[in-house]
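Chains as they are written, first to last, in the working numbering: chain G, 1 to 376; chain Y, 1 to 448.
Hints should not be assumed to be uniformly reliable.
[As the list claims (entries may be wrong)] Here are some, though not all, of the chain Y residues that point toward chain G, as calculated from beta-carbon distances under 8 angstroms:
{"#": "1", "residue": "Asp40"}
{"#": "2", "residue": "Tyr144"}
{"#": "3", "residue": "Pro219"}
{"#": "4", "residue": "Val385"}
Worth flagging that the hints you see were computed from the coordinates, not collected in a lab. Every residue, glycine too, gets a C-beta built ideally from N, C-alpha and C.
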Amino acid sequence: MDVRKISKIASLALLCVGFAYASGAKEIKLKTPSLKERSVDGAMHYKVKNGVYAGVYRVNTQVDKIKKFNHGRQATKEEIKFNDIDVRYDWQGLPDGKGSVAQGEELYNKNCVMCHGDFGAGGKGYPTLAGGEKSSLKNQLLDPDSGDEPPVKTIGTYWPYASTLWWYVKTGMPFPHPMSLSNDEVYAIVAYLLSLNEIQIDGEDLDDDYVLTKEKLMKVHMPNEDGFYPNVNKYGPEIMKKFLSDPSNYGTQTVRCMKNCPTGKVVHIKHTLDEAINPPVTTKRDLPKETKKEGGANSKYAKLFEAKCSACHTNKAIAPVIGDKEAWAPRIKQGKKTLYTHAIKGFQGMPPKGGNADLSDADVKGIVDYIVSKSK
Amino acid sequence: MKEHNKKVSVSSRRGFFKKIAASAVAATAVAPVALSAKDDALLKEPEWGKKLGDPVNKHLYGMPSPYEHNVIRRTHELLSSGDFYASVAMCPVHELEGIITPNGLFFNRCHGGVAQIDPNEHRLLIHGMVEKPLVLTLEDIKKYPKESRIHFIECPANGSTEWRAPQFNTLQFLKGMMSCAEWTGVRLSHILKDAGIKPGAKWVLAEGADDSHMGRTIPLEKILDDAMVVFAQNGEALRPEQGYPLRLLVPGWEGNLNVKWLKRLEIGDKPWHAKEETSKYTMLMPNGKAVQYFWPMEVNSVITRPCPDYPWTHLKKGDIVEIEGLAWSGHGKIKGVDITFDGGKNWVEAELKGLVLPKAWTRFSYIFKWEGKPLLLASRAYDEVGNVQPTIDQEVGKMGVENIYHRNAIVTWEVKANGEVNNVQIRDYKKEREMIKKDAKEEVKKWM
Chain G
1 MDVRKISKIA
11 SLALLCVGFA
21 YASGAKEIKL
31 KTPSLKERSV
41 DGAMHYKVKN
51 GVYAGVYRVN
61 TQVDKIKKFN
71 HGRQATKEEI
81 KFNDIDVRYD
91 WQGLPDGKGS
101 VAQGEELYNK
111 NCVMCHGDFG
121 AGGKGYPTLA
131 GGEKSSLKNQ
141 LLDPDSGDEP
151 PVKTIGTYWP
161 YASTLWWYVK
171 TGMPFPHPMS
181 LSNDEVYAIV
191 AYLLSLNEIQ
201 IDGEDLDDDY
211 VLTKEKLMKV
221 HMPNEDGFYP
231 NVNKYGPEIM
241 KKFLSDPSNY
251 GTQTVRCMKN
261 CPTGKVVHIK
271 HTLDEAINPP
281 VTTKRDLPKE
291 TKKEGGANSK
301 YAKLFEAKCS
311 ACHTNKAIAP
321 VIGDKEAWAP
331 RIKQGKKTLY
341 THAIKGFQGM
351 PPKGGNADLS
361 DADVKGIVDY
371 IVSKSK
Chain Y
1 MKEHNKKVSV
11 SSRRGFFKKI
21 AASAVAATAV
31 APVALSAKDD
41 ALLKEPEWGK
51 KLGDPVNKHL
61 YGMPSPYEHN
71 VIRRTHELLS
81 SGDFYASVAM
91 CPVHELEGII
101 TPNGLFFNRC
111 HGGVAQIDPN
121 EHRLLIHGMV
131 EKPLVLTLED
141 IKKYPKESRI
151 HFIECPANGS
161 TEWRAPQFNT
171 LQFLKGMMSC
181 AEWTGVRLSH
191 ILKDAGIKPG
201 AKWVLAEGAD
211 DSHMGRTIPL
221 EKILDDAMVV
231 FAQNGEALRP
241 EQGYPLRLLV
251 PGWEGNLNVK
261 WLKRLEIGDK
271 PWHAKEETSK
281 YTMLMPNGKA
291 VQYFWPMEVN
301 SVITRPCPDY
311 PWTHLKKGDI
321 VEIEGLAWSG
331 HGKIKGVDIT
341 FDGGKNWVEA
351 ELKGLVLPKA
361 WTRFSYIFKW
371 EGKPLLLASR
381 AYDEVGNVQP
391 TIDQEVGKMG
401 VENIYHRNAI
411 VTWEVKANGE
421 VNNVQIRDYK
431 KEREMIKKDA
441 KEEVKKWM
């Protein structure tokens with residue numbers, strides 16, 4: 001039924017370096033370049049030849065003769081110090097500071113619990129931070145209907161280095177306003193998270209009054225420190241070239257099976273995810289339906305809401321979502337005064353001013369008015 | 001869908017598999033308009049032929065036709081960490097033609113929202129093991145000789161919902177975490193001439209200026225080979241979603257490494273092991289150990305016509321049509337693509353068409369006579385380094401299903417007699433389970 005003939009012996013012969021017949025299957029083994037011809041990632045290493053890069057792009061060859069362009073200016077020590085915020089696995093970059101587990105718990109409950117749940121248990125769509133067993137990492141939930149358990153990847157079961165934890169909290173958290181915690185506060189939160197994960201330091205449990213310092217943190221070895229490979233710390237990037245140049249390390253093949261190849265059964269979609277696609281997929285070519293203009297979307301409080309509050313108030317697992325009339329009705333019923341108080345002073349999972357200490361009381365009230373106007 | 005919010009990451013959650021009947025699969029495909037004998041489009045003067053169009057000063061930045069309003073990125077609440085700030089908007093791959101993705105449709109993955117940066121206030125800082133630490137403004141960077149190259153960027157989690165079983169019946173969500181553009185910028189090897197690299201330097205930390213301050217470790221060899229700092233895509237400034245005003249481009253490598261809103265490059269002698277190299281973007285293998293770094297995106301392909309979104313329901317028996325698709329590899333150029341009609345038992349060669357560029361989308365084509373017989377249609381790409389796209393059994397047998405990233409197994413469409421197209425998988429769970437059981441401890445040892 002094809003208009004083309006199925007076999008093209010002539011062109012196949014050019015590509016193949018050998019045929020193999022395994023259990024009746026006809027296979028073509030492909031030619032692979034030597035390590036010398038490859039880049040650090042096992043990919044083809046392209047060069048400029050006769051002014052052409054990779055055989056396709058013409059390039060300016062004058063630039064090779066230029067030793068220095070001398071653009072830009074020298075960075076100052078202050079600029080480097082201010083921006084050098086990383087903490088490497090060998091602890092390069094870790095600043096001084098200290099904080100206790102108890103302080104960390106308090107800070108956690110103020111800044112983190114609304115997303116990561118009590119005791120780092122997760123449950124609101126954001127990562128679970130504690131719990132699980134390292135032994136679970138061997139679990140495979142292969143067939144969704146098998147009832148098997150998947151691995152549990154938390155700080156304690158999976159992360160190889162505590163340096164990552166300090167770095168992550170300092171520069172990435174709290175999610176809506178990172179770079180707002182002092183170094184001492186970061187130490188406290190890290191102490192609390194390590195204690196939740198039952199990490200010991202010098203054989204000592206991290207009890208409530210345990211004070212984590214730079215020296216103590218640098219002694220931490222995470223339970224899964226040896227759980228990662230290839231060992232680039234020891235061998236440098238060169239080992240990756242070897243690893244990535246051999247596709248058998250990652251399930252990719254070097255043989256094209258052409259005839260009588262092994263196959264499997266046809267598995268259809270049983271548990272679809274299509275329903276929650278937003279908006280639903282359609283390939284229709286028509287005019288868009290008239291949508292109501294979003295009143296005041298550019299107002300000051302709309303913008304403040306977007307910047308300061310929407311990380312939680314657009315996620316129904318965390319907080320009542322703006323525009324959700326059902327969720328807001330009982331709250332609105334309590335009266336504006338109560339809503340203002342709760343928003344400014346905090347209430348249950350809602351931290352004072354949503355964790356935005358920089359907002360004035362008047363701004364918070366304005367945002368509350370905006371949310372109410374959108375949700376009734 | 002509420003129960004899904006309680007779960008953690010894309011493939012480690014069991015709730016990901018929603019327990020509903022297969023019959024509830026949403027019909028998303030729209031049959032193309034078939035011409036009937038009653039077609040009178042050419043027997044009347046259309047409205048737009050009888051009045052003036054828009055004046056040329058109406059849209060000073062051009063917009064697509066309003067009829068194209070459904071050609072957009074789309075989101076899904078499961079493909080996020082609880083909100084739409086650390087999340088992804090999928091590229092409508094099923095709607096694209098050629099190998100260039102329009103800037104407004106380029107997939108958008110970010111970890112702390114799309115930063116809106118004032119280019120006048122943006123600086124690139126280069127420091128660490130260099131003779132002269134540098135501060136560069138955008139104007140400084142644009143003084144260096146520029147290059148333009150076409151490369152895809154693909155998130156390593158592309159297709160991660162499909163490890164255990166097929167779940168999406170739309171190409172946009174099967175493969176939409178990738179796009180391909182022409183990028184313009186400056187090779188880092190030029191800029192680093194001015195900084196002067198000290199002996200012993202091996203690694204580079206690249207960090208963004210946005211809320212997530214995302215840092216990633218990249219070997220210096222790659223940075224000096226073909227990495228660029230880019231400020232333009234498809235002829236205009238980067239879009240904010242792509243890191244305006246400056247992003248790193250590491251051709252062929254994990255999307256995540258192409259750090260957006262690039263602010264800082266630190267040169268060092270050791271890897272950093274950042275959050276996206278430890279807690280995430282690492283591949284947990286069935287033996288309980290994880291591959292920590294996996295840089296290139298492997299050889300891959302998918303048939304774009306037909307696909308679940310664009311089925312063959314409008315064809316009649318005997319129609320001669322083109323089967324078309326995309327192939328790509330982070331290891332180099334695409335060498336060829338094979339096609340199967342029987343679910344992978346027998347394969348024939350398709351033809352490549354258009355530009356065949358390294359680390360870029362490449363189109364393939366096969367002319368086919370549709371006889372209304374059911375097909376199990378799939379493509380399989382192979383690249384310049386001799387890597388061949390694996391079957392699901394081959395890939396899962398090695399990698400298991402818990403590593404989330406770097407899924408490049410063959411994608412199969414079930415084409416029914418009526419022309420409907422569904423995403424299916426050709427696999428043998430029993431065989432996979434047997435393959436996975438093989439302990440790989442010895443294998444890990446040699447890399448330690």
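Cross-check of the supplied hints:
The beta carbon of aspartate 40 of chain Y comes no nearer than 19 angstroms to any beta carbon in chain G, farther than 8 angstroms, and the hint placing it at the interface is violated. With its C-beta approaching chain G no nearer than about 6 angstroms, tyrosine 144 of chain Y sits inside the 8 angstroms limit, and its interface hint holds. About 4 angstroms separates the beta-carbon of proline 219 of chain Y from the nearest beta-carbon of chain G, less than 8 angstroms, and the hint is met. Given hint, valine 385 of chain Y at the interface with chain G, holds; its Cβ is 6 angstroms from that chain's nearest Cβ, closer than 8 angstroms.
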